[in-house]
Amino acid sequence: MATDSPGSVRKVVVLLRATGDAPILKQAKFKIAGTDKFAKVIDFLRRQLHRDTLFVYVNSAFSPNPDESVIDLYKNFGIDGKLVVNYACSMAWG
Amino acid sequence: MDIKQDVGNVFPWDGTLTSSDFFRAAHMFSDKWRRFNTSVPPWLWVEGYLSLEKMSLFKSSEEKQDAGSLISKEERNMLENEEPFDCASLGPESDYQEINHYDFHVVYSASYKVPVLYFRAYHCDGQPLLLSEIEKGLPGLSVKLLSESKWTFITQEEHPYLNRPWYKLHPCGTCEWMKLLFSTHKSLTTNGSTIEHYLISWFSVVGQVFGLKIPLEMLNCS
Chain A
1 MATDSPGSVR
11 KVVVLLRATG
21 DAPILKQAKF
31 KIAGTDKFAK
41 VIDFLRRQLH
51 RDTLFVYVNS
61 AFSPNPDESV
71 IDLYKNFGID
81 GKLVVNYACS
91 MAWG
Chain B
95 MDIKQDVGNV
105 FPWDGTLTSS
115 DFFRAAHMFS
125 DKWRRFNTSV
135 PPWLWVEGYL
145 SLEKMSLFKS
155 SEEKQDAGSL
165 ISKEERNMLE
175 NEEPFDCASL
185 GPESDYQEIN
195 HYDFHVVYSA
205 SYKVPVLYFR
215 AYHCDGQPLL
225 LSEIEKGLPG
235 LSVKLLSESK
245 WTFITQEEHP
255 YLNRPWYKLH
265 PCGTCEWMKL
275 LFSTHKSLTT
285 NGSTIEHYLI
295 SWFSVVGQVF
305 GLKIPLEMLN
315 CS
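For the record, the sequence lines run as chains A and B.
Start counting the first sequence at 1; every next residue gets the next number (my numbering).
Start counting the second sequence at 95; every next residue gets the next number (my numbering).
If we strip away everything but chain A, and leave its shape as in the complex, we get (with noise of 0.2 Å):
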């Protein structure tokens, strides 16, 4: 569930997921403020997978933009309390 402690910023539970053939994270479980943008999810995982040409997307065949609020995408995308982020990498030349 997102943690909702009083006086502090809301937090969402964000899972990040691997398909296609890239690579799944160690870590891939985090907390990140709500009020935080898409972009801070998306350059985590560049930063992990060492990549700039990620596809990132989540469950509902939508690719959320940079600038959306994480929590706006809880809550019109998260289930059983996390967002789910898909990744792939097969989208670069060569």
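To be clear, the hints were calculated from the coordinates, so they are not data collected in a lab.
You may find that some hints are simply not true.
Claimed, not checked - Counterexamples of contact, computed for chain B against chain A with all Cβ distances above 10 Å: (1) TYR196; (2) PRO222; (3) SER298.
Claimed, not checked - Cross-link-like lysine-lysine pairs, in silico, DSBU-like; alpha carbons within 35 Å at most: (4) LYS29(A) <-> LYS75(A); (5) LYS238(B) <-> LYS75(A); (6) LYS273(B) <-> LYS31(A); (7) LYS31(A) <-> LYS238(B); (8) LYS273(B) <-> LYS148(B); (9) LYS307(B) <-> LYS75(A); (10) LYS29(A) <-> LYS273(B); (11) LYS148(B) <-> LYS40(A); (12) LYS238(B) <-> LYS40(A); (13) LYS75(A) <-> LYS11(A); (14) LYS75(A) <-> LYS148(B); (15) LYS40(A) <-> LYS273(B); (16) LYS273(B) <-> LYS75(A); (17) LYS148(B) <-> LYS82(A); (18) LYS31(A) <-> LYS148(B); (19) LYS307(B) <-> LYS11(A); (20) LYS11(A) <-> LYS273(B); (21) LYS148(B) <-> LYS29(A).
What the hints assert, rightly or not - Listing some non-contacts, in silico: residues in chain A with all C-beta distances to chain B over 10 Å: (22) PHE30; (23) LYS40; (24) ALA61; (25) SER63; (26) PRO66.
Every residue gets a Cβ at the ideal spot worked out from N, C-alpha and C, and that includes glycine.
Put chain B on the given structure of chain A with help from the hints.
Positioned in the frame of chain A, the structure of chain B alone reads:
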């Protein structure tokens, strides 16, 4: 339930649409867009393709990495009612916000069997933008992604209906990433609602090239 030409009948789904699927998908998409996107121009069906014209992309030269924001109709009306807007009089030192206008057309490709986004852009004074100028206005990583990833890239081609050169996002990778997008939501391909969702999903990807957002409300099924 519509089974005859329904993409849900092709299993496993290959990410493509027939042209009649596209016709239906386009009308569903433009209806939803009109309902949830009241501050931007609507998509209009124009004898074979979807058209959204004179979209103003309003980007601060200082915050290049942020997605360009769509200015609302109210803001646009305010700008139009003020003194004639002389682009040349704004100095580069000020928080100069470039207003470029975009025309977007969604045209079906019979060879790739997917939609293709055609576009052209021009300055607020009507002067057409070259691709290099367009690329300068795209959100931070778009240009890099366009050159490195194989999901799309920009080419210039004759518009299939208008016989004039337009830019387009090449469709060669589209069916692959559409397949990927729908892969985590199996029910979308087997119960036939692919057509209803197709262009929303498709646009959520291609719109990002220009920093455009799909309102999340559009995703809640009608």
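Do the hints match the structure? See the list:
no. : hint                    : result
1   : TYR196                  : holds, 16 Å
2   : PRO222                  : holds, 27 Å
3   : SER298                  : violated, 5 Å
4   : LYS29(A) <-> LYS75(A)   : holds, 18 Å
5   : LYS238(B) <-> LYS75(A)  : holds, 31 Å
6   : LYS273(B) <-> LYS31(A)  : holds, 29 Å
7   : LYS31(A) <-> LYS238(B)  : holds, 29 Å
8   : LYS273(B) <-> LYS148(B) : holds, 31 Å
9   : LYS307(B) <-> LYS75(A)  : holds, 17 Å
10  : LYS29(A) <-> LYS273(B)  : holds, 25 Å
11  : LYS148(B) <-> LYS40(A)  : holds, 31 Å
12  : LYS238(B) <-> LYS40(A)  : holds, 18 Å
13  : LYS75(A) <-> LYS11(A)   : holds, 12 Å
14  : LYS75(A) <-> LYS148(B)  : holds, 32 Å
15  : LYS40(A) <-> LYS273(B)  : holds, 25 Å
16  : LYS273(B) <-> LYS75(A)  : holds, 25 Å
17  : LYS148(B) <-> LYS82(A)  : violated, 39 Å
18  : LYS31(A) <-> LYS148(B)  : violated, 40 Å
19  : LYS307(B) <-> LYS11(A)  : holds, 23 Å
20  : LYS11(A) <-> LYS273(B)  : holds, 31 Å
21  : LYS148(B) <-> LYS29(A)  : violated, 42 Å
22  : PHE30                   : holds, 20 Å
23  : LYS40                   : holds, 12 Å
24  : ALA61                   : violated, 4 Å
25  : SER63                   : violated, 5 Å
26  : PRO66                   : violated, 6 Å
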